[in-house]
Amino acid sequence: MLNIGMNLTLESLESNNPDKYKCKIADIENNNLYIDYPISLTTNRTAFLVNDLHLNCIFSTEDNGTYLFRTKVIGKVKKNIPLIILHIPPVEEFKKIQRRQYVRVETAVDISLYLQNSKERFTTITEDISAGGCAVLLPKNIQMHPLETGDATIVLPMQNGDYQYINTPIKLIRNWEDAGKNIASIEFSDLDEKDTQSLFRFCFERQLELRKKGLLT
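Numbers 1 to 217, taken from the UniProt record's numbering, label the letters of the sequence shown in order.
No lab work stands behind these hints, which were simulated from the structure alone. Every residue gets a Cβ at the ideal spot worked out from N, C-alpha and C, and that includes glycine. Among the clues, some could well be false.
[What the hints assert, rightly or not] Derived DSBU-like pairs: lysine-lysine, alpha-carbon spacing no greater than 30 Å straight-line:
# : residue 1 : residue 2
1 : LYS181    : LYS140
2 : LYS181    : LYS22
3 : LYS140    : LYS76
4 : LYS96     : LYS171
5 : LYS24     : LYS78
6 : LYS76     : LYS194
7 : LYS171    : LYS181
8 : LYS181    : LYS213
[To be verified] Label-pair ranges, simulated between beta-carbon atoms:
#  : residue 1 : residue 2 : range
9  : VAL91     : LEU137    : 40 to 50 Å
10 : GLU93     : ASP178    : 39 to 49 Å
11 : GLU14     : PRO139    : 42 to 52 Å
12 : ASP52     : TYR165    : 31 to 41 Å
13 : TYR163    : SER189    : 19 to 29 Å
14 : TYR163    : ASP190    : 34 to 44 Å
15 : LEU68     : ILE4      : 12 to 22 Å
16 : ILE4      : GLY180    : 47 to 57 Å
17 : LYS140    : SER40     : 36 to 46 Å
18 : ASP178    : PRO157    : 21 to 31 Å
19 : LEU13     : SER189    : 29 to 39 Å
Can you build the whole structure from these sequences, using the hints too?
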């Protein structure tokens, strides 16, 4: 399931340092995972992980499954570049993350939608978003029906000033009215690993931003 070159997201399990990091697998030997020095999603700088630090490791496979396992830093080594060594537990301890478990944050980002049945194409904003889907505001002249499919392009403004563009097939789960607004809940049907990681990162950055503003506990 784990492959060289795969992107990983690491979550610190230390209560006094609840950070997330992104990194890549540089090598795999026996039960050891060799990663490049990770980048903190909070500071966008290289992070130095101490030995025995316990982490959650999250990765996505080519069949669009997302998995999590617990690991810890067991050492450092210099090959072509400096690397950190993580322990790989038995595959039985890998836990598949269901879409409903993805962290969802309330935030407005631009999204362009194309509906296959009606051939409608329109631009709107999200009410909330996660790595598994989003809720969007539907214009009054647009109607969607449960299980209707289409495509979406999402623009994610990242903390470092970059913009990530996510292109994905979608499926409508349900729609409803709230305070006079027509809202649709949409599932991302076929995200690749890179886009899943970008969405994880965006949601985490936005969570931190909302916490700093006192809008999220």
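Each hint, compared with the structure:
1. LYS181 to LYS140: The given pair, whose Cα atoms are some 9 Å apart, holds under the 30 Å limit.
2. LYS181 to LYS22: Outside the cut-off at roughly 37 Å; violated.
3. LYS140 to LYS76: violated (57 Å)
4. LYS96 to LYS171: holds (21 Å)
5. LYS24 to LYS78: Holds, at roughly 15 Å.
6. LYS76 to LYS194: Distance ~26 Å between LYS76 and LYS194 Cα, so the pair holds.
7. LYS171 to LYS181: With a Cα-Cα distance of about 20 Å, the restraint between LYS171 and LYS181 holds, given a limit of 30 Å.
8. LYS181 to LYS213: The given pair, whose Cα atoms are some 26 Å apart, holds under the 30 Å limit.
9. VAL91 to LEU137: 40 to 50 Å: Since the Cβ atoms of VAL91 and LEU137 sit about 42 Å apart, the hinted range of 40 to 50 Å holds.
10. GLU93 to ASP178: 39 to 49 Å: About 40 Å separates the Cβ atoms of GLU93 and ASP178, which means 39 to 49 Å holds.
11. GLU14 to PRO139: 42 to 52 Å: With a Cβ separation near 46 Å, GLU14 and PRO139 satisfy 42 to 52 Å, so the hint holds.
12. ASP52 to TYR165: 31 to 41 Å: For ASP52 and TYR165 the Cβ distance comes to about 39 Å; the hint holds.
13. TYR163 to SER189: 19 to 29 Å: holds (23 Å)
14. TYR163 to ASP190: 34 to 44 Å: violated (22 Å)
15. LEU68 to ILE4: 12 to 22 Å: holds (20 Å)
16. ILE4 to GLY180: 47 to 57 Å: 52 Å Cβ-Cβ, so the 47 to 57 Å window holds.
17. LYS140 to SER40: 36 to 46 Å: holds (43 Å)
18. ASP178 to PRO157: 21 to 31 Å: holds (25 Å)
19. LEU13 to SER189: 29 to 39 Å: Since the Cβ atoms of LEU13 and SER189 sit about 32 Å apart, the hinted range of 29 to 39 Å holds.
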